[in-house]
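Chemist: Chain A is already provided as a structure; the job is to place chains B and C on it using the hints.
Here is what each chain is made of, one letter per residue.
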Amino acid sequence: MLGITKDLVIKDLKYYVLAFILLLPLPLAGDYVTHIAIMIMLYSITAASLDILVGYTGRLSLGHAAFYAIGAYTSTLLSMNLNVSPWIGILIGGILASSFGLILGIPSLKLKGPYLAISTLGFGVIVQLMLINLDWLTRGPIGIPNIPPLPGGPIDLRIKSSFYYIALILTLLSISFLHLLTKSRIGKILVSIREDEDAALSIGVNVPFFKIFAFIIATFFAGLSGGLYAHYIRYISPAMSALSESINILSMTIIGGFGTLIGPLMGAALLTILQEVLRPYLEYRYLIYGGLIVIVMKFFPSGIYGLLQFIIRKVRG
Amino acid sequence: MAMSRGLLIGLVALIVILVAAAAFFLTTQPTEAGTVKIGLIAPLTGGLAEHGLDMKQAALLAVEEINSKGGILGKKIELVIEDTACKADLGTAAVQKMITQDNVYAIVGEYCSTVTLAVQPTIMENKRLLLVPVSVATKITEQGYKYTFRSCANQWMQTTQHADWIVEHLKPKTAAMLGINDDYGREGLKLWGERVKAKGVTIVAEEYFDAGTTDFTPQLSKIKAANPDVIFVVANIRDAANILKQAHEIGLYKQFSMLGGVTSEEFLQLAGDDAIGLVHVSYFEPTSKRPAAQEFVQKFVQKWNRMPAMYSAGVWDAFMTLKYGVEKAGTWDVDKVAEAIKTLRFEGAQGTIYYDEKGQAQTKVLLVQVHKVDGKLKRVILYPDSDKEGEYIPPEKLYGG
Amino acid sequence: MLSTSLLVEQMLLGLMMGGIYAAIGVGLTMIFGVMKLSNFAHGEFYMLGAFLTYTLVSALGSDPYVVAPLAAVAVGFLGIILNKLVFLSLYRELREAKGAAAFFFQDLRFIMLTIGLSILFVDLALVIWGPIPIAIPSALTSHIIKLPGGFSFSLARIMTFFMALASLSILYTFLKATKTGKAIRATAQNPSAAALVGIDTYRIYDVTMLISTALAALAGGILGPIYNVYPTMGLDVVAKAFVVVITGGMGNIVGSILAGFLIGLAEGLGGVFLGTEYRQVVAFVIMILVLWFRPQGILGGRRS
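Residue numbers (the working numbering), protein chains in the order written: chain A, 1 to 317; chain B, 1 to 401; chain C, 1 to 304.
Bound conformation, chain A alone (with noise of 0.2 Å):
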């Protein structure tokens, strides 16, 4: 019925078990390299999710990352308050930004383009706001330090390498969760939403019902991967819902290539590494970041997923 058949997941099964067989050695390579490649994980995640939402249902969000920081709030809090296991905590993170999702998804069903992108921006904004002034809630400003890690029974998932895996395998599930998600009859109508949302209407799709069913799925992930940004740096504040950084996921996903899926990926492993590497550059860092931005922008809209497909073509001849 959702058009996904046994061989459709089994054909890119093998791939996801080649990726996380190759990926397994990387801790090898010290702290540093794994620090980078569990952020690059992590953000992966969000960029994916907000690409469900951007990229293939065609609604432009700027305040995805208001959900990463309700989930981490959310896990944090009920696993220094209440004592609830941080891996529940980061589930009902995911669900308590969906929550926040749908209840965002609502109002915003009737706008389109840059209105919706604009009230996304205010609510983005308000939660930061909120996350700041409701100090008795969230500590205010200054954030919430010494959350508890995952806990790991005999394994202590402090230690980056072993934390590692653990993204691992939950990034790889997510990825091909939302991949299947994209494949199926449920992602061919999103898209159609996406090109041409009134045609879909009079062939009989449920329109606004996808809309917020994008919108719930885009936000639980996001707020899914806050939590584990949570337990992993162990520190968190209401910087996280910053319009700048909302501005970096959108950057990650649509550099990558949007209504893609794996173009945010690259996107997101692209951006980090940048910001790594660049570092030699401190005051000029900005410059080529935003200079990237501009022209990928004029002159590759399809992000480096295009460029790559557009390579793969010419080689193909």
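Do not take every clue at face value.
[To be verified] In silico DMTMM-like cross-links for lysine to aspartate or glutamate, where the CA-CA straight-line distance does not exceed 20 Å:
id	chain 1	residue 1	chain 2	residue 2
1	B	K127	A	D31
2	B	K127	A	D156
3	A	K298	C	D206
4	B	K76	B	E327
5	A	K298	C	E93
If you are wondering where the hints come from, they were derived from the structure by calculation, not from laboratory data.
Modeler: Showing chains B and C alone in chain A's frame:
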């Protein structure tokens, strides 16, 4: 789609592993035998870049000074500088890089308390020394970390000494408070408010402003309506200057009082004559006649052609703490050095530096008032008596009625 | 204890600030109305105007209120250059694109591109002028005008308000009365029809960009003496500018002007009643409410 997306995932994974290997080999910095690396994290870009600059210049000067005298235990110091833009995750990545790739011995930083708090666990778990030269959040030295030392006064010290002086010398009946809506502002207002309330002062207004605000007249006009005897403000240089200007603009001429953040020449330039009469905390005065302070100021001016701000003094003292600590311990062993630092007592730029059990330097806080002397703006030290340079002038004398 | 004088003072201050919001918002709404471009780099033109004013004041020794219009024009030309270099090809692609997906695609592209420009300009300013905030000296800041009722404002603030008001009135007349002004309005309403009657729409885009960026730059220059100038100052105003634009109706110039004053006023009152830390929230809540319940803005603008 020219290629199965699944295949692409596999390809991406392959590329990732290759890049990781490359990153590892390319970025691991070998340390020359005979040098020791010390890291500095500071906000070199972003809204606080000016303070990052203060820190960077002081660090470069300190390292140059230490190396010219033979280094520490015969080894030269190599400074590794990373930008955090006052962001916790950039700070964490920077610190991780410094520890893993650069193999730094110790880290000096940061400016933003939020970044310092975020990087503390990583640094402590890796058994490196952390010297905090600027961040004032009291929590930083209250968490029981053995290797954390703070070379500047924390917010509790600043605020309570300041409050005590105000109550004793100005004898206000009412006070208003205005602060930036972040950790620095909120903690400051909370501590100061509690302290003066305990001494019988009534708080008649408590206002906040968000970062990025340029127009303070709404808050100021509310304060004006509350008619306080004294107004306590916690803000960064730029905001503080605007607050004073706008206060005078709307006719608010009461006694203003601030924390240490405004101790700099740039503040006096920005605020101009509107700063006259302001009473504030200072950890460091370039006019101080103490020889250690003079030495620091002269060297700084010679190298950078500008007067050092307070934060620069904190960074300088942090590096000196490290130098003397290692020398006293006679070894680079981190545990022994940590113990040695707690027994140190030396003349730093900020005053006599010695640390308590929690790693908090017990620096004396100064109280100064801005006067106009010979046509130029100058900070005149009012307290403590040992450094006193002049008398307090109340606003009625300065502005009339 | 809410005195009338406090209320009145807050309202006056709010209105004065509103004039500035209006000036910045108008430029943004014009770009959206005429060129269908959501310019997230708008705050950076405001910032560049302030820095350029400072540079001119240092070089020529004159008062910023005299020099700010010059800086504004210079920034306006920068806007045109950007138009030609970066945006022009995108307009063409937008024109030829079909369907909702293409529109979305181009829209997103513009937004991301301007975001990239914003990041670039902020760092450029940091590199050129350094991170330390700068005060633009002006003789007018020290002249305090005392009004009846115990209110006092600096001459600089009053001058800023009047210059903002003046430029807005000039703009309004320009759009209503002159040939180019009418052409701009025509292009905003229906670009293809405008092209059909012989209007060179690309030239109109250039003029619109010039006016819009110049206005923002002027706002930056005349605010410089009152507040201080630093590279990230544009980021602090751009979100507010969008609030103004949405509330007034995107593309609706009179709407933006009114909305600017309204937001300024609402912020002032919100600060009095809710507590000043909630001032920013007030502006954004207004914007979200407008978007959810009356997306065309209070006066009705164009829908996407």
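Chemist: State for each hint whether it applies.
Modeler: Here's how the hints hold up against the structure:
1. Distance hint between K127(B) and D31(A) is fulfilled; the C-alpha atoms sit about 14 Å from each other, no more than 20 Å.
2. Using a Cα cut-off of 20 Å, the hinted pair K127(B) and D156(A) holds, with the two alpha carbons roughly 17 Å apart.
3. With a CA separation close to 19 Å, the supplied pair K298(A) and D206(C) stays within the 20 Å bound.
4. The suggested pairing of K76(B) with E327(B) holds, with an alpha-carbon distance near 13 Å, which does not exceed 20 Å.
5. Between K298(A) and E93(C) the alpha-carbon distance is near 11 Å, which keeps this suggested pair within the 20 Å criterion.
When each numbered hint is compared with the structure, no violation occurs for any of them.
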